[in-house]
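Visitor: Sequence:
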Amino acid sequence: MSNIKRYNIFILLSTLARNIVEVFSSVLLYKMGYSLKEILLFYSLVYLTGAITSTIVIYLTKIIKPKYILIVSSIIFSGSFYYMSIMDKTFTNLIIFSIIYGLGAYTYHTIRHYYAIKSINNHERKEIGSILIYTNIAIVLSSVIGTYVETKLSKLILAIIVIIISVLAVIPIFKYEDKTNNNKIKIDKIEKNKLLFFICEQAKVINLSLQPLYLYLFINNTISYVGIFNIIMGISSCIFIYFFVRKVDDKKYFKYLNILFCIILILKLNISNKYLVLIIALFEGLGIKIFEIVSSENIYSIKEDTNIKGYLLIVEIIFCMIRSIMCLIGYFINDIKIILYLTIVLIFIISFIKRDNKV
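Heads up: the sequence shown is residues 434 to 792, going by our numbering.
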């Protein structure tokens with residue numbers, strides 16, 4: 434079995450495990466009694482913890498194989514949702530949960546990107562597309578499982594399911610062949626346009642994190658509706674990725690498709706009919722994957738002589754710190770619609786950022 438196939442199985446199972454609860458996390462916290470400001474503070478602390486954790490993880494890979502770090506990550510991440518399932522609604526518990534969650538998430542994301550770069554042969558677009566297809570299949574399945582368990586069973590059962598799948602996810606990585614492991618960590622300068630793209634791109638992450646809560650507050654206050662929205666968006670994404678990666682020149686058409694994506698996001702904020710919003714989900718799924726294909730190419734397309742660990746170190750710090758700052762700004766705004774509009778502005782700006790032709 435090739436490394437890319439092993440990685441795809443890993444990403445399918447790990448995304449499934451993490452998204453079962455992650456996709457609903459803002460809604461679950463709100464249902465526990467936390468306010469929008471507290472939820473934004475939670476995310477800000479998660480990302481701040483992530484910046485610190487990513488730095489530690491990169492240096493740990495000099496003495497510990499990345500696959501062993503993934504095992505620890507699975508235990509911590511699963512434990513974070515077990516903690517959420519039993520914790521009382523207090524500010525102290527929210528802080529503790531954010532730290533555990535951040536540790537579990539960013540011991541994973543850093544290593545996930547590391548294995549992705551190692552797996553993709555010459556940054557082949559079809560391989561990037563296959564990774565995103567497996568990711569979206571997992572998102573669809575996690576929305577189905579998460580919706581059922583949350584409405585029919587309990588958070589504790591949800592946590593146990595996450596633990597089991599998280600452990601299974603690591604198995605393919607144990608047979609991963611890494612013959613080019615380099616323990617040296619060298620920080621290289623990131624191109625100006627790529628850096629600007631990375632900064633603005635984090636608005637998409639914040640938008641997706643708050644989207645379930647927006648749907649719950651303004652469209653339909655049930656977990657099942659949020660799940661259905663994500664299922665529709667995930668299915669349309671899988672179909673579109675297959676077509677887009679093979680047929681469309683993203684360097685030529687991304688600007689126009691991304692502008693259309695922004696219009697779709699604005700429409701969603703101005704429609705209150707729950708059935709029309711589900712139709713929006715179909716088109717949003719297309720739009721978000723246009724964005725994520727280009728985003729993945731931007732992350733994984735690096736020069737042959739790039740020091741991967743040094744590159745990921747600076748990239749993860751940029752990602753986490755920008756997200757943390759954005760959430761902190763949102764904390765002071767304290768209006769979910771205004772925050773979502775501001776994220777759309779930043780996503781719109783990306784349409785006009787020149788992308789490097791070097792792969």
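What the hints contain is simulated information worked out from the structure, not anything from laboratory work. Being a predicted model, the structure only gives us computed values, none of them experimental. The C-beta atom is built at its ideal place from N, Cα and C for all residues, glycine as well. Please note that the accuracy of each hint is not assured.
Label pairs and their in silico Cβ distance ranges [to be verified]: (1) Leu709 to Lys438: 24 to 34 Å; (2) Ile699 to Glu737: 20 to 30 Å; (3) Ile442 to Ile692: 10 to 20 Å; (4) Tyr492 to Phe607: 20 to 30 Å; (5) Ile618 to Ile504: 42 to 52 Å; (6) Lys688 to Ile496: 42 to 52 Å.
Cross-link-like lysine-lysine pairs, in silico, BS3-like; alpha carbons within 27 Å at most [unchecked claim]: (7) Lys707 to Lys787; (8) Lys617 to Lys464; (9) Lys464 to Lys551; (10) Lys495 to Lys688; (11) Lys522 to Lys438; (12) Lys736 to Lys625; (13) Lys551 to Lys495; (14) Lys627 to Lys736; (15) Lys637 to Lys787; (16) Lys627 to Lys551; (17) Lys498 to Lys637; (18) Lys464 to Lys622; (19) Lys622 to Lys438; (20) Lys637 to Lys770; (21) Lys688 to Lys770; (22) Lys637 to Lys707; (23) Lys608 to Lys787; (24) Lys627 to Lys707; (25) Lys707 to Lys608; (26) Lys625 to Lys500; (27) Lys707 to Lys470; (28) Lys495 to Lys622; (29) Lys619 to Lys736; (30) Lys617 to Lys498; (31) Lys500 to Lys688; (32) Lys622 to Lys470; (33) Lys707 to Lys551; (34) Lys608 to Lys622; (35) Lys464 to Lys500; (36) Lys637 to Lys495; (37) Lys608 to Lys627; (38) Lys551 to Lys470; (39) Lys688 to Lys617; (40) Lys608 to Lys495.
Visitor: Take the hints in turn and mark each one as holding or not.
Guide: How the hints compare with the structure:
Separated by about 40 Å at the C-beta atoms, Leu709 and Lys438 break the suggested range of 24 to 34 Å. The hinted window of 20 to 30 Å between Ile699 and Glu737 is violated, with their beta carbons roughly 41 Å apart. A hinted range of 10 to 20 Å for the beta carbons of Ile442 and Ile692 is inconsistent with their spacing of about 36 Å. Hint check: Tyr492 to Phe607, Cβ distance near 22 Å, so the stated range 20 to 30 Å holds.
At roughly 22 Å, the beta-carbon separation of Ile618 and Ile504 lies outside the given 42 to 52 Å, and the hint is violated. Distance hint for Lys688 and Ile496: a CB-CB separation of about 45 Å, consistent with the stated range 42 to 52 Å. A threshold of 27 Å between alpha carbons decides the hint, and for Lys707 with Lys787 the separation of about 37 Å lies outside it, so the pair is violated. Restraint check for Lys617 and Lys464: not satisfied, since their Cα atoms lie roughly 46 Å apart, outside the 27 Å limit.
Distance check on the hinted pair: Lys464 and Lys551 sit about 40 Å apart at the alpha-carbon level, beyond 27 Å; violated. Restraint check for Lys495 and Lys688: the C-alpha separation of about 40 Å exceeds 27 Å, so the hint is violated. A threshold of 27 Å between alpha carbons decides the hint, and for Lys522 with Lys438 the separation of about 42 Å lies outside it, so the pair is violated. With a C-alpha separation of about 15 Å, the suggested pairing of Lys736 with Lys625 holds against the 27 Å cut-off.
For the proposed pair Lys551 and Lys495, the alpha carbon gap of about 16 Å is at most 27 Å, so the pair holds. The suggested pairing of Lys627 with Lys736 holds, with an alpha-carbon distance near 13 Å, which does not exceed 27 Å. Taking the CA atoms of Lys637 and Lys787, the gap is about 18 Å. The hint holds against a cut of 27 Å. Restraint check for Lys627 and Lys551: satisfied, since their Cα atoms lie roughly 20 Å apart, inside the 27 Å limit.
Among the hinted pairs, Lys498 with Lys637 is inconsistent with the structure: their alpha-carbon atoms are about 32 Å apart, more than 27 Å. Distance check on the hinted pair: Lys464 and Lys622 sit about 44 Å apart at the alpha-carbon level, beyond 27 Å; violated. With a CA separation close to 31 Å, the supplied pair Lys622 and Lys438 exceeds the 27 Å bound. For a cut-off of 27 Å, the pair hint linking Lys637 to Lys770 stands: about 14 Å separates their Cα positions.
With a CA separation close to 24 Å, the supplied pair Lys688 and Lys770 stays within the 27 Å bound. Restraint check for Lys637 and Lys707: satisfied, since their Cα atoms lie roughly 22 Å apart, inside the 27 Å limit. Under the criterion of a C-alpha separation no larger than 27 Å, the hint pairing Lys608 with Lys787 is inconsistent with the structure, at around 39 Å. A hinted pair counts as satisfied when its Cα atoms are at most 27 Å apart, and Lys627 with Lys707 does not qualify at roughly 37 Å.
In summary, the hint linking Lys707 to Lys608 is not supported, as the alpha carbons are separated by about 46 Å, beyond the 27 Å threshold. Of the pairs offered as hints, the one joining Lys625 and Lys500 is violated, with about 32 Å between alpha carbons and a cut-off of 27 Å exceeded. A distance of roughly 26 Å separates the Cα atoms of Lys707 and Lys470; the hinted pair therefore holds under the 27 Å criterion. Between Lys495 and Lys622, the direct Cα distance comes to roughly 21 Å. Compliance with the 27 Å bound is thereby established for this hinted pair.
In summary, the hint linking Lys619 to Lys736 is supported, as the alpha carbons are separated by about 14 Å, within the 27 Å threshold. The straight-line distance between the Cα atoms of Lys617 and Lys498 is roughly 14 Å, inside the 27 Å bound, and the hint therefore holds. Restraint check for Lys500 and Lys688: the C-alpha separation of about 38 Å exceeds 27 Å, so the hint is violated. Taken as a hint, the Lys622 and Lys470 pair is broken in the structure, with Cα atoms around 35 Å apart against an allowance of 27 Å.
Taken as a hint, the Lys707 and Lys551 pair is broken in the structure, with Cα atoms around 43 Å apart against an allowance of 27 Å. Taking the CA atoms of Lys608 and Lys622, the gap is near 33 Å; set against the 27 Å cutoff, the hint is violated. Taking the CA atoms of Lys464 and Lys500, the gap is near 35 Å; set against the 27 Å cutoff, the hint is violated. With a C-alpha separation of about 32 Å, the suggested pairing of Lys637 with Lys495 is violated against the 27 Å cut-off.
The straight-line distance between the Cα atoms of Lys608 and Lys627 is roughly 33 Å, outside the 27 Å bound, and the hint therefore fails. Between the alpha carbons of Lys551 and Lys470 the distance comes to roughly 39 Å, so the proposed pair goes past 27 Å and is violated. At roughly 37 Å between alpha-carbon atoms, Lys688 and Lys617 are farther apart than 27 Å, so this suggested pair is violated. For the given pair, Lys608 sits about 20 Å from Lys495 by alpha-carbon distance, which is consistent with the 27 Å threshold.
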